[in-house]
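*Asks:* Residue strings, one per chain:
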Amino acid sequence: MSNIQDIILNAVPEALIEEKQKLTVTVEPKQLHPLVKALYENKDLPFDYLISLIGMDWEDKLGVIYLFSSSKDMSQEIAVITATEDRENPLLYSITDMYEAAHLNEREVYAMLGIRFINNPDMRRFLLDGDWNGYPLCKDYDADPTLNPITIANKEITDLAPRIMEDENGNLVESVANIFDEDDYIINIGPQHPSTHGVMHFRTALNGEVVKKIDVNSGYIHRGIEKMCETMTYPQILHLTDRLDYLSAGMNRHALCMCIEKAAEIEVPMRAEYIRVIMDELNRISSHLLAWAAHCNDLGATTAFVYGVREREHVLDIFDKTCGGRLIINQNVVGGVMFDIYPDFQKDVKAFIPYMREKLVEYDDFFSHNPIALNRMVNVGNMSREDAITYAVTGPAGRGSGFSCDVRIHKPYSLYEKVEFKEVIRTEGDSYARYMNRLDEIEQSLHIIEQLIDDIPEGEILAKVKPIIRLPEGQYYQSVEAGKGEFAVFIESKGDKFPYRVKFRSPSLAAVSVMPLICKDELLTDFIGIGGSMDYVIPDIDR
Amino acid sequence: MKQPLELTGLISNLHTFFRSNLTPFWATVIEGALVLIAVLAAYAIIALALIYIERKITAFFQSRLGPNRLGKYGWIQSVADLIKILIKEIIHINKVDKVLFYAAPFFVIVSSVLTFGIIPFGQGLQAVDFNIGIVYILAVSSIGIIGVLLAGWSSNNKYSMIGAMRSGAQFISYELSAGFALMTVVVLSGTMQVSEIVESQRYAWNVFNGHIPAMIAFVIYLISGHAETNRGPFDLPEAEGELTAGYHTEYSGLQFGFFYLAEYLNMFIIAAIATTVFLGGWMPIQVQGWDGFNQVMWYIPSYVWFFAKTGVLIFFSLWVRWSFPRLRIDLLLNLEWKYLLPINLVNIIVMVVVVLLGWTLEDLFPIFRP
Amino acid sequence: MDVNKVKIKALPSDDFKDNETLQAYIDELNATGTNVVVGKLDQMINWGRANSLWPLAFATSCCGIEFMAAAAAHYDLARFGMEVVRNSPRQADLMVVAGTIVHKMGPLLRRVYDQMAEPKYVVAMGACAISGGPFVNSYHVINGADKIIPVDVYIPGCPPRPESLFYGLLQLQRKVKVEKFFGNKRIVRPYNPDTLINPKTGETVKVENEFNK
Amino acid sequence: MNPFFKYFSGIFTALGSLIGGLRVTWRELWRKKVTMQYPENRDTLQISDRWRSELYMPHDENNEHACTACGICMINCPNGTITVTSNMVENEEGRKKRVLDKHIWDYGMCTFCNICVITCPSDAIFFNNDFEGAMFDRSKLVHTLNKPGSKLREKKKNLPPTPLKGEKGATISPPKKQETQQGIDDKKVS
Amino acid sequence: MDNTSLFVVVLLAGLTLVVLGLGAALLLSPKSINFQKGEPYECGLPTHGTSWMQFRVGYYLYAILFLMFDVETIFLFPWSTVVRQMGMTGLVSILIFIVILGLGLAYAWRKGILKWT
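Chains as they are written, first to last, in this note's numbering: chain A, 119 to 661; chain B, 327 to 696; chain C, 115 to 327; chain D, -10 to 179; chain E, 285 to 401.
Quick caveat, the hints were computed from the structure, so don't treat them as lab data.
Each hint can be trusted.
Here are the simulated lysine to any residue pairs, SDA-like style, with alpha carbons at most 20 angstroms apart:
#  : chain 1 : residue 1 : chain 2 : residue 2
1  : A       : Lys477    : D       : Leu18
2  : C       : Lys131    : D       : Asn30
3  : D       : Lys136    : D       : Thr74
4  : A       : Lys615    : D       : Gly60
5  : A       : Lys331    : E       : Thr334
6  : A       : Lys179    : A       : Asp204
7  : A       : Lys380    : A       : Gly613
8  : A       : Lys148    : A       : Val130
9  : D       : Lys85     : D       : Cys59
10 : C       : Lys294    : E       : Leu311
11 : B       : Lys424    : E       : Thr334
12 : A       : Lys273    : C       : Asp228
13 : D       : Lys21     : A       : Tyr473
Excised from the complex, chain A in its bound form:
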């Protein structure tokens, strides 16, 4: 690490370096860009993967925490903090020129905290309507409902992107740019659309049937979860994570529980760990099955959709019997799990494994080798490894482009060090690679479950936890491999029973932000198919 400290100090001598949970660097806004550039261009260990961009309101100042990691070694992480004291007109410098992933994140920070980023080419508000009053994540946000009344009036969607650019002399120039050309044939795909996997809104400029440009517009299911977390105790927050990416509800909750446990130094009993990991993998299978089903449905194979959901139902049955929930399973709690496994759990899971393997073969016959399906997936929606990294696309989609990003391998948590499994990587980067990755990961998950199911140790399922959990002051961060990619929880605590700030890293946001790139010059039909192969869940993006 000293090597990295040298690089940091070389680039910005005034930087304040602390060794906390991870290496934390605090710099002035002016010095942010050179520092990040130095990290980005570091030859041995380029920090080219922006995990998360967290807008913060520290009351005296507004700022951003950047979390970087390296595509070469995912276990290396570094946090960069910068802040401005100007609350009226907060300005920071954008890093979109290096990290494409920063683009939508910066727009979100603008919507939530009002911080504008210099040199970001499109500073419209993300998630919220353009005329929303106030910045919700600010501590002094006025939540008076009369300020933002419910309306049924259709809002105009603006095509004009305001921006602040820095010219050669270092002067800031405000300007406005048009997103679409005057005579573009613009069609709304979503929000109420059968194939956008939720309420995503893609404004698509078409040239014939060829996609010319896509403008991602989200927020149709923005529920303000991060703000709600600030007024809730830690056990109360738990149920909200299930509803982020509801397809990997258990894994999301696992991340939050681990983050709290790490901070409060709670030791989770072994039995609970086993149950957690088995449930996580079952959850992953169900998530991938639904992704498979929905992808096939997007390509027009309704029957495949029904088959996928049929197999998924077996997993849901196990969930139902274990924790009384099918989709939102409410299993993990701080310190362990809420429900012990039921007596026939092992039997049911063991019956499911060979059944699923048999079905995987059937899926291959039915869809994976179908010439129509191949034509619609192979060489469609190509995403290179560099694109995947700069857009921070993780999960099966990122690994389809050769980006080795499985959190279970690189930053093992829970029992993943003990079990043996392969990271599924393909290098083609097309829809088919992503599609096959999911099927292969189902196989790997079955393999993991097989290793664990027989030796669930006896014992407690819940550690002793104080009735009121207070996390010591500090910043805590924990990531897991969810169904769609790296899901992470960031908690800043001031020692209270409420968190000061909670941020969820959404893997789906990255998957959507790359859509305009990989869908360009593809047909409208393929645009839908590529969306299916990226497998995003909108509530995860909007939070």
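Chain A is fixed; fit chains B, C, D and E onto it per the hints.
*Replies:* Same frame as chain A, but now just chains B, C, D and E:
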């Protein structure tokens, strides 16, 4: 041959009854009215039955049960749908091209009824029998696409528009293949009149009579017919997943019902024409010389034969529909222009050679000659 | 008419909950009385309508997935004749609001509802659509779809199981079956009018039973 | 490869794999269907005991419950689904005591996170698995859990068997049918 | 009855179906108005611009090709009915015709017209 269950006797009795009791004018009028009612009734009943059958078979392919709560096995489900759709509001959309918007369902329905009229459902159960039957089929069935294009264009909706454009390209392409495939049979049987084509298949169905080229033509006809009806995997103009409901997005109530009805009817019509032209129409299985067997086969009425054969083809079409993903427009056009059309062109020549050299089944084994 | 006369196959009337509300609706509709012929016709039409409710899935979040599960093989919406999911509101009879409705989505929900053809029904599926559910305290969540559009049946759960959904749909069938189509009488569906603003004029929209116009 | 050969071999490999797909659906056509037929199967339907549908408060034969109106469930509920109102009553000894007035739970708002059941110190509330909850009227979804006239159970009585409540996973005893019925009755009264 | 009048009857049948159906539907169906009902549906949002805009399509080339072959069909149908009687002359003459058209298709193929963009 005894044919106790045929309707030919009934029809000729009615005919003589009207002719002997009424003036020729009124006889014609009443006969016309009867034909009209018969066509309408058959049309409606077949449509309702098909909707039910399709939903049920679809469910079985998807390991579901399908409608089963109305009547036994849910067999009156489509009646409920009919009632529902009849009383559904018809929305008047602003800024549509009014005339075209309201005319579109007419085109679609009239086209399918006209094609429906030429299908021989059984002995004597054919309304229209032009001597240029095949050309008639191609001509009237292509009116339907005008309806689709008008619907998409006039709706003032972008999805509809794209759907209509797609269907235009799709239809004109597959129209060619369908035409050429039917032409192959015309070469074989030497006539375009539908009744004569059926008659010529008394002992050897065209698909066997013309063996290799006829079979190729049969497959091509099925594919292109399937494509013409806009049904999966060729359902691009509707493409539920992409275009919400494609060209009929803006249609509601019975106007939409007509599109829905015509879609199912067209599926039936394509299967019926394929049956008529390739599979011997309403002809029962006959073997020259086996008189006892033939008699037994004739006891089964001709319309049962017809519907059985058509049913098999419809089942096949559903099977394909629920097994494959949707094609992309370029794949669709590739399939037509790079595969079906060239193969078709060669196929016709092969058929001519087969016919001229006397290699058809009837020529090789005169026993099959009617 | 008595509530017990509304028959649903395989689920006796007594086993249904909330019979009181339905009975109140019936009494209201029958206040003026109807003649027998129209009554029979009404029954037939209601039978058709109740058994052919084509849904439009206004699925925004988790409940949408349960709706999909309900349409798939294990639960099979098709048994009720409801598998014909129409993606265009023009052709749908029933809007299943499955998921949270937020401020940004409100106008859309209203617009899609407005564009549906009469007779139309709305089912609020899940806690979010009923009341805002887990997010009831959030700044950007509308506390229930009935703030925007009238709702016929509320199906609680977070998310409700597919069986719960079916139960709700059967309740809706009962509601459809008591209506008088020819008398042009329908149950006035309650909704909260004080938030509806006409975008053209900026005035509050007067809520009337659209159907009676 | 020879383009002509490629052209024709392409047709045949495509046909081959298409037939593979057809075979899968064909097999499926004859398999037993997996559909569960609610409501026809209502009598045989097995809903998992742990499925959380309605919150209810078990009452014993003396119309007594275990709720002390401490309000912990209300405090812990993440979105304010539960409202507990209580009265202060003076008992014989002259000490003031909190007595439950109404325990109100909103079915239409509950997220079924189970925190109220887990944190309840006197095991007074549980979830049952009666999933049939759809109503025509929003207000019908707001349940009062305690029956009218019910009162707090004296201690040291033999308690009814505790249903599964979560982290105390060892006690797996499903809610009895009778108790489920009670839950429904509660609501009808309200 | 002759074919032409039967054709008219069938045509009338089609028209009756639509007219009767629509008439009944218009009579029976409820009507309602509200300020957004008549606007086009586009995923629940107001549409951007008109849909009758210049719309670049690749369909035209296919239409021209179609025209070429459709005219051919018209020639081929009469020929196909009499090909048995005509014998080899028929085959050879039409072979020349088909080959020329086939060359046309091959040319279009080679020129990349059949490639959808």
